[in-house]
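Protein chains: 2
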Amino acid sequence: MNPTDHVVPGFEAAGIAAGIKKSGALDLALIASRTPCRAAATFTKNAFSAAPVMYDKQVLAINPEGIHAVIINSGCANACTGAPGDANARRTAEAVEQALGAGDHAVFVMSTGVIGVQLPMDALLGGAPTAVAALRADGWSDAAQAIMTTDTRPKLFSRTVEMGGRAVHFTGISKGAGMIHPNMATMLSTIATDAAISQPLLQRALSTAVNQSYNRISVDGDTSTNDTVLLLANGAAGNPEITDPASGEYARFVETLTAISIDLAQAIVRDGEGATKFVTITVNGAQSDEEAHAVANTIATSPLVKTAFFGGDANWGRFVAAAGRSGATIDQRRCSIYICGGANAGERTPELQLVAGGAPLDYSEARATELFQLPELDVRMELALGPGSATVWTTDLSYDYVKINGDYRT
Amino acid sequence: MNPTDHVVPGFEAAGIAAGIKKSGALDLALIASRTPCRAAATFTKNAFSAAPVMYDKQVLAINPEGIHAVIINSGCANACTGAPGDANARRTAEAVEQALGAGDHAVFVMSTGVIGVQLPMDALLGGAPTAVAALRADGWSDAAQAIMTTDTRPKLFSRTVEMGGRAVHFTGISKGAGMIHPNMATMLSTIATDAAISQPLLQRALSTAVNQSYNRISVDGDTSTNDTVLLLANGAAGNPEITDPASGEYARFVETLTAISIDLAQAIVRDGEGATKFVTITVNGAQSDEEAHAVANTIATSPLVKTAFFGGDANWGRFVAAAGRSGATIDQRRCSIYICGGANAGERTPELQLVAGGAPLDYSEARATELFQLPELDVRMELALGPGSATVWTTDLSYDYVKINGDYRT
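For the protein sequence lines, the chains are A and B, in the order given.
Its first residue numbered 986, the first sequence is counted upward by one per residue in the working numbering.
Its first residue numbered 986, the second sequence is counted upward by one per residue in the working numbering.
Honestly, I wouldn't trust all of these hints.
You can't tell identical chains apart in this list, so a pair holds if it fits in one copy or across any two.
[Claimed, not checked] No farther apart than 25 Å at their CA atoms in a straight line, the calculated lysine to aspartate or glutamate pairs in the DMTMM-like style are these:
id	residue 1	residue 2
1	Lys1042	Asp1316
2	Lys1007	Asp1347
3	Lys1388	Glu1350
4	Lys1388	Asp1347
5	Lys1007	Glu1350
6	Lys1388	Asp1107
7	Lys1388	Asp1316
8	Lys1042	Glu1147
9	Lys1030	Asp1248
10	Lys1042	Glu1336
11	Lys1388	Glu1336
12	Lys1042	Asp1385
13	Lys1388	Glu1361
14	Lys1007	Asp1316
15	Lys1007	Asp1127
16	Lys1007	Asp1107
17	Lys1030	Glu1367
18	Lys1030	Glu1275
19	Lys1030	Glu1050
20	Lys1030	Asp1071
21	Lys1042	Glu1082
22	Lys1030	Asp1316
23	Lys1042	Glu1367
24	Lys1042	Glu1361
25	Lys1007	Glu1275
26	Lys1042	Asp1089
27	Lys1030	Asp1274
28	Lys1030	Asp1347
No lab work stands behind these hints: they were computed from the structure.
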């Protein structure tokens, strides 16, 4: 993709090497808008929220319609850092506000990397004006690289949709692949759009999109202290402002935002630590969407299920054992299981039914093994109890996951 | 230990090779009492409960004071087997009742092994009278071997306590090490005692003991379809019957039962699939025991924590990240973390504090690594919020866990 494909009018981005990472790699990203943005965000629910998460919650509460930028560092998470960590998050934001000539509470801060270590403030304070000087309309690719920790590739997507006769742009970056010492990796994402939309609807749209994307992925079931998704809208597209949640424009906004969020979230799973497989798990027929999500998520996070994916072993008994402990209502005599290969990659194989009425069918074990050994696998469980559905995306659990997370010294 | 050390008056045990396992290994265990027993049991809460679990619940409801035996097969779990599986569980029990000359609903059935496959009924029906003929007072060791699947060693413990001037005996066996294809391993345990105790107190004592033992262990966070703990009491000790839950005798009964249950449960963790470490996680100062248990259990099941144990890496950031997503109330600025080595093995090292007030202390990283590389590690998290405490026992997540569960074909 051409760099000019990732442009949102009025936004600029940069990624620089500020000296936070000892390797000298890019480690400081800045995304900024000349005009003030409306902002929406979702944050980790972890009780050990990092200092930047707590700072950003304040900024969003105080100034939700006057945001000019977000500064994101990799190499240090500023988590479990006490009162000095709180002050460092604030000082970082203030340095960017000064360099941009913006007012107070106009800049968000995100951090990812080692936990329990203070930010190297010389690098941050020196880096802020350098990053401002490096801002370019086509700087998104550098920004996407600067937020990587254990990620093996940058994650950058754009989408365009027409609204009120104007082209509305979305560009987003994300990072996250699991966790690795000394880095506690984090799921961070920033999406910029030039749409004109009211701030309450911006937050509502983001919550809807996050619930269908970032909340549907699992690499290892762990939630970091820093997880943040930020959405900035500067209104530069000139479309009539979206203010009605029942309007077709709002529906299209949510649809496009959800699509780019799924792009960004799936890219995190595909780059999961040690991942050799991309697995889509769909549960239908639950009593509610929440129960369907509980079943799909319990299957997706089960170490036994994930090692079976790694081994290419069609061991569906592990699916039912995981589903059965999810807390959802299940009548085992109604449960059916189907698998197929490659649907998400667009090369869907014929479906193979393994289980009907809670008991195994006389299927071809060789064919089931073939499907399980494909790099993309779809699993579908039908509970036949109600209208609830959910889909989650996950990876396998491989030797390399253990190596990356346990044996990092070698 | 001498075989005669594992004897409970009035009970006999056997373990035979009935031909269920293709390897020819012992695969059918029988534990029987000449006189009727009072019985208590706890069962898996998995919604995909196996046929023997559903059958045993009926037996316990119908005849809780007239039980003569439990028959346990390995090599086939009789789970996800539909109506034929239900009938096979019942026919197995009836075959044992006939061979023992016992009445209806006098025999429990347990199964562990491959899921989604019907029991080989010729082997079960032929094996029942053979097992009855093999019953011996000192047959517990054979029984402990016959219930093994992926276990690398049998789990057999005995305890004696004096009550009302009479020696009261407890002998128990357990199995379970994780899961492996084609076996879905299961946590099964049977404990026999010659105590005289009322059936309601027997069930109450078992629930208390299970909550402090089997419910405090985790190998991989998965709950099987077959988990069962059975307690049989035949009253042969001749102690005055325990009928008062406020009595000293009841307290001693619970204490001894809890101790043997912890022996049996910890033996399962020590034999966990691929385990190289035994880790004790204690959480104090939570708002309630339930919240302390939630925190300890979330730490114990986190893949990131478990790979850090495997790598001998003192990565306490993973403890706080797991604790923070447990759902328990936490004030991160009050949290402290301590580690020490070998306490459970009786060779406790001095304690090392890593975290105070939610931020790292200036501890020796080399010393922390030394402690993390010991085969037995204790982790203690102090939340400083309330009186709630809990301890759980767990293992690391190793290459061998992935190999056993994913790469079984090589």
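(request) Could you figure out if Lys1388 and Glu1350 sit no more than 25 Å apart (CA to CA) within one copy, between two copies, both or neither? (result) between (31 Å within a copy, 21 Å between copies)
(request) Using 25 Å as the alpha carbon limit, work out where Lys1030 and Glu1050 are close: within a copy, between copies, both or neither. (result) Result: close within a single copy only, 24 Å intra versus 49 Å inter.
(message) Cα distance capped at 25 Å. Does Lys1042 pair with Asp1089 within a copy, between copies, both, or neither?
(response) within (14 Å within a copy, 66 Å between copies)
(message) Regarding Lys1388 and Glu1361, is the shortest C-alpha distance of 25 Å or less found within a copy, between copies, in both, or in neither?
(response) both (23 Å within a copy, 21 Å between copies)
(message) When Cα atoms must be at most 25 Å apart, do Lys1388 and Asp1107 count as within-copy, between-copy, both, or neither?
(response) neither (34 Å within a copy, 46 Å between copies)
(message) As a check of your reading, is Lys1007 near Glu1350 (CA-CA no more than 25 Å) within one copy, between copies, both or neither?
(response) between (51 Å within a copy, 19 Å between copies)
(request) If the cutoff is 25 Å on CA atoms, where do Lys1030 and Glu1367 land: within, between, both or neither? Let me know, please. (result) For Lys1030 and Glu1367, the Cα distance is within 25 Å only across copies (21 Å; inside one copy 30 Å).
(message) Within, between, both or neither: how does the pair Lys1030, Asp1274 come out at a Cα-Cα threshold of 25 Å?
(response) both (21 Å within a copy, 22 Å between copies)
(request) Could you place Lys1388 and Asp1316 in one of the four classes (within, between, both, neither) given a Cα distance threshold of 25 Å? (result) Neither way: Lys1388 and Asp1316 sit 39 Å apart in one copy and 33 Å across, limit 25 Å.
(request) Indicate which option fits the pair Lys1042, Glu1367 if close means a Cα-Cα distance not exceeding 25 Å: within, between, both or neither. (result) Close neither inside one copy (40 Å) nor across copies (27 Å); limit 25 Å.
(request) State whether the alpha carbon distance between Lys1042 and Glu1336 is at most 25 Å within one copy, between copies, both, or neither. (result) neither (46 Å within a copy, 37 Å between copies)
(request) Evaluate Lys1007 and Glu1275 at a C-alpha cut-off of 25 Å and name the case that applies: within, between, both or neither. (result) For Lys1007 and Glu1275, neither the intra-copy (44 Å) nor the inter-copy (43 Å) Cα distance is at most 25 Å.
Hint violations for this structure: numbers 4, 6, 7, 8, 10, 11, 12, 14, 23, 24, 25 and 28, all remaining hints satisfied.
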